[in-house]
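With the sequences and hints as input, model every part of the structure.
Residues per chain are reported as follows:
2 protein chains.
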Amino acid sequence: MNKIALTEKFALFSEYWSPKIVGELNGQSIKLAKFKGEFVWHKHDNEDELFFVVSGMLTIEFRDKTVTLNKDEFIIVPKGVEHKPFAEDEVLVMLFEPATTLNTGDTRNELTKDELDRI
Amino acid sequence: MNKIALTEKFALFSEYWSPKIVGELNGQSIKLAKFKGEFVWHKHDNEDELFFVVSGMLTIEFRDKTVTLNKDEFIIVPKGVEHKPFAEDEVLVMLFEPATTLNTGDTRNELTKDELDRI
Numbered sequence: 000m001n002k003i004a005l006t007e008k009f010a011l012f013s014e015y016w017s018p019k020i021v022g023e024l025n026g027q028s029i030k031l032a033k034f035k036g037e038f039v040w041h042k043h044d045n046e047d048e049l050f051f052v053v054s055g056m057l058t059i060e061f062r063d064k065t066v067t068l069n070k071d072e073f074i075i076v077p078k079g080v081e082h083k084p085f086a087e088d089e090v091l092v093m094l095f096e097p098a099t100t101l102n103t104g105d106t107r108n109e110l111t112k113d114e115l116d117r118i
Numbered sequence: 000m001n002k003i004a005l006t007e008k009f010a011l012f013s014e015y016w017s018p019k020i021v022g023e024l025n026g027q028s029i030k031l032a033k034f035k036g037e038f039v040w041h042k043h044d045n046e047d048e049l050f051f052v053v054s055g056m057l058t059i060e061f062r063d064k065t066v067t068l069n070k071d072e073f074i075i076v077p078k079g080v081e082h083k084p085f086a087e088d089e090v091l092v093m094l095f096e097p098a099t100t101l102n103t104g105d106t107r108n109e110l111t112k113d114e115l116d117r118i
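Heads up: the sequence lines are chains A and B, in that order. According to numbering that gives the first Met the number 0, the first sequence is numbered sequentially starting from 0. According to numbering that gives the first Met the number 0, the second sequence is numbered sequentially starting from 0.
The set of hints was computed from the structure by calculation and includes no laboratory data. Honestly, I wouldn't trust all of these hints.
No copy labels: a pair is met if it fits in one copy or bridges any two.
As the list claims (entries may be wrong) - Calculated pairs, DSS-like style, for lysine-lysine (alpha carbon to alpha carbon, straight line, at most 25 Å): (1) LYS78 to LYS2; (2) LYS83 to LYS42; (3) LYS2 to LYS64; (4) LYS70 to LYS8; (5) LYS42 to LYS2; (6) LYS70 to LYS2; (7) LYS35 to LYS78; (8) LYS8 to LYS35; (9) LYS64 to LYS42; (10) LYS83 to LYS112; (11) LYS83 to LYS2; (12) LYS2 to LYS35; (13) LYS8 to LYS64.
The structure presented is a predicted model; accordingly, all values stated were derived computationally and were not measured.
As C-alpha cells, then:
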C-alpha cells in the first residue's frame, strides 16, 4: 500500500489514447491517459465513466452538446451515452471506471486497447 | 450530465470531516471533504477507499507506517486496514469509494455522518 503521485506516473509514458492502470479498488480501476487530437465516437453499454482533468483542456462531444473540462474538473458519462473526446493540445486525464471498461467501448478500431499496462 | 468543478464545490461548505457527495457512478460515490486536525482510528470492513489530495497535505497513519500525501497524490486503503487521517492545516480531499461507505467505518462517535449531503 503506497501512495501514487500522478506527476511521476504521467512521466512514465508518452503515447496518446492508451490508458494505464495506476490503481484498483472495489472492482473499479483508476487509469491515467494522455489525449491529443480526436478520438472516436463510442459508448459503454454497461459502465459509467468518469473523466477528471489533471492538466490541460479536454473537450467531450455528445450528440446533443459539447462539454469542455479544465484542470480539477470532471464529468461522469453514464452508460449508453455516446461520446467523443477531443483535445486540441495534450491533456492529462484520470479515469475512474469499472475494470472491465474497454477504451473504445462498442467501437473496435486501431485505437482499441484490449490489454492495459499497469504502471 | 454536467461537469463538476472541484473549486466551485469546495466553496459551498466549510465544515471539516463531513464528506459531500458530488458524483455517483457504478455504485461508487465521489465525495469531497475538508479535513483539519485528527480523525479517529477506523477501518471499513467491506470497502476499499481512495483518498486523493486536491490541495494541502494529508497524513494517514496506519498501524505500521505513516503516509503523507500532497496535491495530485492518492492512496488506496484496502478494506479491513485500520487508518487515521490527520491534517495539520486544512486539506481538500476527493474520495472514491462505494456509496455505502460510512466515514468512520467500524467506529461510531460524534464524527459519524450517517447521511451525506449531495452538493
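How the hints compare with the structure:
1. Taking the shortest Cα distances, LYS78 and LYS2 sit within 25 Å of each other only across copies (16 Å), while inside one copy they are farther apart (30 Å).
2. In this assembly of identical chains, LYS83 and LYS42 lie within 25 Å of each other by CA distance solely inside one copy; the values are 9 Å within and 39 Å between copies.
3. Proximity of LYS2 to LYS64 under the C-alpha cut-off of 25 Å is restricted to the inter-copy arrangement: shortest distance 12 Å between copies versus 37 Å within a copy.
4. Proximity of LYS70 and LYS8 under a CA criterion of 25 Å is satisfied in both settings, with 17 Å inside one chain copy and 14 Å between copies.
5. In this assembly of identical chains, the alpha carbons of LYS42 and LYS2 lie at most 25 Å apart only when taken from different copies (18 Å versus 32 Å within one copy).
6. Taking CA atoms no more than 25 Å apart as the test, LYS70 paired with LYS2 passes in both settings, with 21 Å inside one copy and 12 Å between copies.
7. Within a single copy, LYS35 and LYS78 get their C-alpha atoms as close as 24 Å, which meets the 25 Å cut-off; across copies the closest is 36 Å, which misses it.
8. In this homomeric assembly, LYS8 and LYS35 come within 25 Å of each other (Cα to Cα) only inside a single copy, at 18 Å, whereas the closest approach across copies is 28 Å.
9. Taking the shortest alpha-carbon separations for LYS64 and LYS42, only the intra-copy value of 15 Å comes in at or below 25 Å, while the best inter-copy value is 42 Å.
10. With identical chains, the CA atoms of LYS83 and LYS112 are at most 25 Å apart within one copy only, with a shortest distance of 16 Å there and 38 Å across copies.
11. Proximity of LYS83 to LYS2 under the C-alpha cut-off of 25 Å is restricted to the inter-copy arrangement: shortest distance 15 Å between copies versus 32 Å within a copy.
12. In the homo-oligomer, the alpha carbons of LYS2 and LYS35 lie at most 25 Å apart only across protomers (20 Å), although the nearest pairing inside one protomer, at 27 Å, exceeds that limit.
13. When the C-alpha separation of LYS8 and LYS64 is checked against a cutoff of 25 Å, the pair qualifies only between copies, where the shortest distance is 23 Å, while the shortest distance within a copy is 32 Å.
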